[in-house]
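Enquirer: Sequence:
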Amino acid sequence: MGGQVGDRYRQGTAGQATVGVVLMIALVVLGSTVVFALGDRALADTERQSDIERSQQAMTLFDSQTSQVALSESDRQTVRFGRTSGSYSVDPDAGEISIINVDRNDDETDDDGDDDPNAGGAANDDEYILEPTTLGAAVYENGDRTIAYQGGGVWQLSPGDASRMISPPEFHYRAQTLTLPVVQVTGDGSAAGSAQAVVSKGDFRARPVYPNASETFDLAGGEQFLNPVQNGSIIVRIESEYADAWGTYFEERTDGNVTYPADGVVAVELVSLAQIGEFDMPLEGGAVTVNGAAGAHSVERDNAGKTAFSIRLRPDDADSADFSNLQWSLYAEEGNHHFEMHLKKAGSGEGCASGTVGDTGVKAHLTIYYSWNGGTDYHGWKTDTPIDAECEDLNGDGDYEIYLDATFVDDDDGDGVYDDGDETDDVELEYQSLSSGDLEQFNPNGDLSTSGNGNLRDLDGHQDSPVGDWEPVSPDPGDPTTLVADQLVNHYFAELPEEFDLTVDDKNSDTTNEKASSGTFYNSGNGRYVTYLHVTTNQIEVEISD
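What the sequence shown shows, in my numbering, is residues 1 to 546, in sequence order.
Hints were generated in silico from the structure; no laboratory data involved.
Just so it is clear, CB atoms sit at the ideal spot from N, CA and C, and this is done for glycine as well.
Please note: incorrect hints may appear among the correct ones.
In silico BS3-like cross-links for lysine-lysine, where the CA-CA straight-line distance does not exceed 30 Å [unchecked claim]: (1) Lys382 <-> Lys507; (2) Lys515 <-> Lys306; (3) Lys515 <-> Lys382; (4) Lys382 <-> Lys306.
Across the chosen pairs, the derived CB separations fall in these ranges [as the list claims (entries may be wrong)]: (5) Ala206 <-> Glu278: 48 to 54 Å; (6) Asp405 <-> Asn443: 25 to 31 Å; (7) Glu53 <-> Ser518: 41 to 47 Å.
Could you put together the complete structure from these sequences and hints?
Expert: Right, dumping it as structure tokens:
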């Protein structure tokens, strides 16, 4: 009996062991299958990611070599993409670009009534500079991921993500100037695995779009397509599946108002900020260009309590203790408009020889001159109290260096008004007749504007714009009339044309080191946009094959 029980027990345990072994083998096989499956997927994902990264590099190389053809540096280029699991093709119908001059009649009213010039094409008060033009694209596809060359840039599109830029397009907007060679991709062909592209110009040549004297606007007097564009503003509109990436580029790399009026559409309005900011002083004969100051007192900052226009001058020898015979000017000559701001050394002092920070005893008088009729009549202003030069260790070498800071427009009292005359530290100037020694560029041999001379010209409004709170002023040398530089600079800049150059004149004394000098200039503009366009269409042919 006991033996039978023992036999049955041993048989039972043996059966259980067999089942356990089978289950263990099954689990091992299943686990191995899962591991191999996951490993295969991970390997496939890794290989695809590697393919995409290689294709990014290949498309960037394609971009570089294609630009040589598009910009006429080469007639033909061959690009080998290398082996990949994806495919390459040409899509000549992909994407569209247009350039629109919005509010061409310059009445600041959206005459077509849609209140959204970015939403569509030109209508009523808008005109096309470049009508809707196909961009085309050279495209790499790998599953649901796409890399494309379009408009001179390389873009990537992945599922669930916004498109992003790999390399920037041929779109350059800086200092109110747009340089835009519109690269149009034509051609055909496709290839998987290993592929190459032959890029050529064929019979195509770059076509000038703007400026182009043979083209004219329909509105605003039928003016030619010439720079600058002063009526309305300029909008560049892109329709593309990579519109989000185009928009990011516009937002990060340009001064412009960017909108997304529809899916797959981005528009950028080219805005002249009319602000130079801090600048290195131009050399003798060089200039700072001022835009958008005409018609309003617009030399100002967006925030209160700042400096809008100032300069710092250093002597010709950076380690000099003195300015020697300082005579230095910024001037503008635009037709009959003559304007000059002149700094001339007044007296002498120890300079930095005393070895102390602060006042040096070296001073300079400021003279402001303006003529509206080529010098026949003029306004003349000069400081009674000269501007002090100062000493400081500017370069950390342990020695004191002299410098002259002249602040022309600021808001010391923080009230947000940059053309008032009630700030204690403003530079005051008195109205008076000038002599040739007071200026560097112009000879004030005309008549000072006075009621007695019968040529009185008030300081009042500009081009029908609202005047400053302190205007009008009838200048009188006998009274006498005193104003501050903040008021005079804002007034005379508003009298000058929409754009003018402030040119450096140091030729008679040559005692200023412009390379070591600097300035600050901010201008809010008058609400209109002045834009320079350099636009061409540059067509290329791309043939893709194995």
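Enquirer: Now, for every hint given, state plainly whether the structure supports it.
Expert: Comparing the hints with the structure gives:
For the given pair, Lys382 sits about 21 Å from Lys507 by alpha-carbon distance, which is consistent with the 30 Å threshold. A C-alpha spacing of about 25 Å is found between Lys515 and Lys306, which places the hinted pair at or below 30 Å, so the restraint holds. Our distance criterion of 30 Å between C-alpha atoms is met by Lys515 and Lys382, whose separation comes to about 27 Å. Using a Cα cut-off of 30 Å, the hinted pair Lys382 and Lys306 holds, with the two alpha carbons roughly 24 Å apart.
The given range of 48 to 54 Å is broken by Ala206 and Glu278, whose C-beta atoms sit roughly 37 Å from each other. The given range of 25 to 31 Å is respected by Asp405 and Asn443, whose C-beta atoms sit roughly 29 Å from each other. About 45 Å separates the C-beta atoms of Glu53 and Ser518, a value consistent with the hinted range of 41 to 47 Å.
Checked against the numbered hints above, the structure violates only hint 5.
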